[in-house]
Amino acid sequence: MPPQTLYEKIWNAHIVREVPGQPSLIYIDRHLIHEGTSPQAFAGLKAAGRKVRRPDLTFAVMDHSVSTKNRELPILDADARGQFEALERNCKETGVRLFDMHSKNQGIVHIIGPELGITQPGQTLVCGDSHTSTHGAMGALAFGIGTSEIEHVLATQCLSQAKSKTGLVRFNGARPKGITSKDFILALIGKIGIAGGTGHVFEYAGDAVRALSMEARMTMCNMTIEGGARAGMVAPDQTTFAYLEGKPFVPRGKEFQDAVARWKALASDPGAKYDVVLDIDAAKLAPQVTWGTNPGMVTDVTSRVPDPNSFADPVDRKAAESALVYMNLKPGTPITDISVDRVFIGSCTNSRIEDLRAAAHVIEGKHIAKNIKQALAVPGSRVVKAQAEKEGLDKIFRDAGFEWRDAGCSMCIGMNDDVLPSGERSASTSNRNFEGRQGKGSRTHLVSPMMAAAAAIEGHFVDIRKWDVNGAE
Amino acid sequence: MQPFVKQTGLVAPMDRVNVDTDQMVPKQFLKLQTREGYGRVLFYDWRYLPGEKPNPEFPLNFPRYRGASVLLARANFGCGSSREHAPWAILDYGFRSIIAPSYADIFYNNCFKNGILPVQLSDVQVDDLFKRAEKQEGYRLTVDLENQLVTDDAGLRIPFEIDAFRKKCLLKGLDDIGLTLEHEPDISAYEKSNPKSAPMYDPVDVKIAQPQT
Chain B
0 MPPQTLYEKI WNAHIVREVP GQPSLIYIDR HLIHEGTSPQ AFAGLKAAGR KVRRPDLTFA
60 VMDHSVSTKN RELPILDADA RGQFEALERN CKETGVRLFD MHSKNQGIVH IIGPELGITQ
120 PGQTLVCGDS HTSTHGAMGA LAFGIGTSEI EHVLATQCLS QAKSKTGLVR FNGARPKGIT
180 SKDFILALIG KIGIAGGTGH VFEYAGDAVR ALSMEARMTM CNMTIEGGAR AGMVAPDQTT
240 FAYLEGKPFV PRGKEFQDAV ARWKALASDP GAKYDVVLDI DAAKLAPQVT WGTNPGMVTD
300 VTSRVPDPNS FADPVDRKAA ESALVYMNLK PGTPITDISV DRVFIGSCTN SRIEDLRAAA
360 HVIEGKHIAK NIKQALAVPG SRVVKAQAEK EGLDKIFRDA GFEWRDAGCS MCIGMNDDVL
420 PSGERSASTS NRNFEGRQGK GSRTHLVSPM MAAAAAIEGH FVDIRKWDVN GAE
Chain C
0 MQPFVKQTGL VAPMDRVNVD TDQMVPKQFL KLQTREGYGR VLFYDWRYLP GEKPNPEFPL
60 NFPRYRGASV LLARANFGCG SSREHAPWAI LDYGFRSIIA PSYADIFYNN CFKNGILPVQ
120 LSDVQVDDLF KRAEKQEGYR LTVDLENQLV TDDAGLRIPF EIDAFRKKCL LKGLDDIGLT
180 LEHEPDISAY EKSNPKSAPM YDPVDVKIAQ PQT
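Line by line, the protein sequences give chains B and C. When we follow numbering that gives the first Met the number 0, the leftmost residue of the first sequence carries the number 0, and every step to the right adds one. When we follow numbering that gives the first Met the number 0, the leftmost residue of the second sequence carries the number 0, and every step to the right adds one.
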């Protein structure tokens, strides 16, 4: 057999039916659903008189529209309440496990999947959310789907899929202090553009990736979709196995040892062929800050807002011009001169315990700047929240002037009570800086948790490498 | 699903690259539980001024593009969120086909599930169509899936490529799930030889504790 990539191994192990010239029927090991994109799928299923084939492989959680303030209060937003009630009803009727908003294990779907060990190496996993790519960090093939496909998976536990092209992205060298995997992925998207990965599945490798924690790998895989690739993956290794051991849905004892033996065989074979190979020198990366209205419009913190005229392609020039109008930025402005109104630390990209520890380290003993109207620290799950509180991080955030919240998507999407007001500017650890993403007319700058924390303290972006970040990682 | 065979309609240009699905249907409309009625909110933040007054500068609000059913777009159309509300809104507004140089993967896939034909042409061809649509008021195109052709009244003929299986499904308006369920024996056989389950080794605080099997 010719050498195979991680992607090909998982793909081949999940083929239910293969006919030349047609998409393959692929088995789905885990299906995650949330209140936002599933009601229409359940309604369609019901209308056609179909059943959920494998409720035991389907997991539901409330995350997008939940309040992160006080969940004991009545839900005033009738549409959001309708979504929650629909999800609860649908789960009850079909026997799907539900982590509702009052569950101790509730959290953002892409945080709780790995945290509970629902996501495991070698699996196929889908969810009606584009950031499903997060789960690829475990060495799984995970990607976002639309509502029609949710319905398809509910009914058949399969998906009809064409094979993707593959890309190998290697981050080489040692990661410098103050640089995180968020900077890795932003730098990659800046390089290839937001459509650079279209049609591909990316595998991340190289010594700088191997040295990353599981949580840091999740951040990278999470934002893979922002570069157009539907899935990002990291071959499972000792870091992965150590992370998984003891998680609620992960096998124990001998079963675990057997699983590890199987998982070890998943790594891409030496000599496996990829459609694209890209090498990035991690040692030369600087902290990244987006300046425009998509994640590919990004630059080093030491740099300046670009002049649209510096873009050779007229299409890029036009896009940069309109982005700068929307962002209310002048070409040539140093990134560190951009002041922000609000800071958001959270989202499925950066709300895990390590993210909160890093941010807390940066702000400990300091206070947010006078011009900061609001600074939010939103743990990705209630498990993360409990852990953070055990470590006293909540106190550090509160003492520094941050609001300490309950778990949910919060200001990343603004489908709940956290919205960035029109005309205001945020330093955000989330994943999208699209027009209106955090609120109509809002202006988002994507950064790492340490960079967001430092921006909260200074009121504008700063080069985190100039701070003492020794204990932050 | 409504089949797509051949369609002739007024062309509306959307001259902007990387149009993401957040723009097509902003977040505040993702809390509804229907697949219908999103046409009114398509491109909401661009299309309306405060108080839902139509923005006269937004092309879809130009009287000349009223009733358009072919959407002409730029590269990487539909990037970002997987929300299927985006194609639902496009369809509900009245568009049956889109012509662009490239699409984001999830959006492209979602179009086919809703009877929308996303035609892919080269940058040069799309550029030319933009010029024609802007120059000639009432510019119409015929999108013929059967023969894989985009044509106009002036004799323009542009062939396009499309995956044969997707074409077949769209032409017949096939129900994907029904198709897959025809292969039930294959699915059961796979499940038998690859037993998958999600046993729980540690209790978690889950609401429906006993999934049916």
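Among the hints, erroneous ones may be present.
To be verified - Which residues of chain B face chain C? A few of them, derived with a C-beta cut under 8 Å, are: (1) Q3; (2) L56; (3) T146; (4) S147; (5) Q256; (6) A258.
Calculated from the structure, these hints are not laboratory results. All residues carry an ideal CB built from backbone N, CA and C; glycine is no exception.
Can you list which hints this structure breaks, lowest number first?
1, 5, 6
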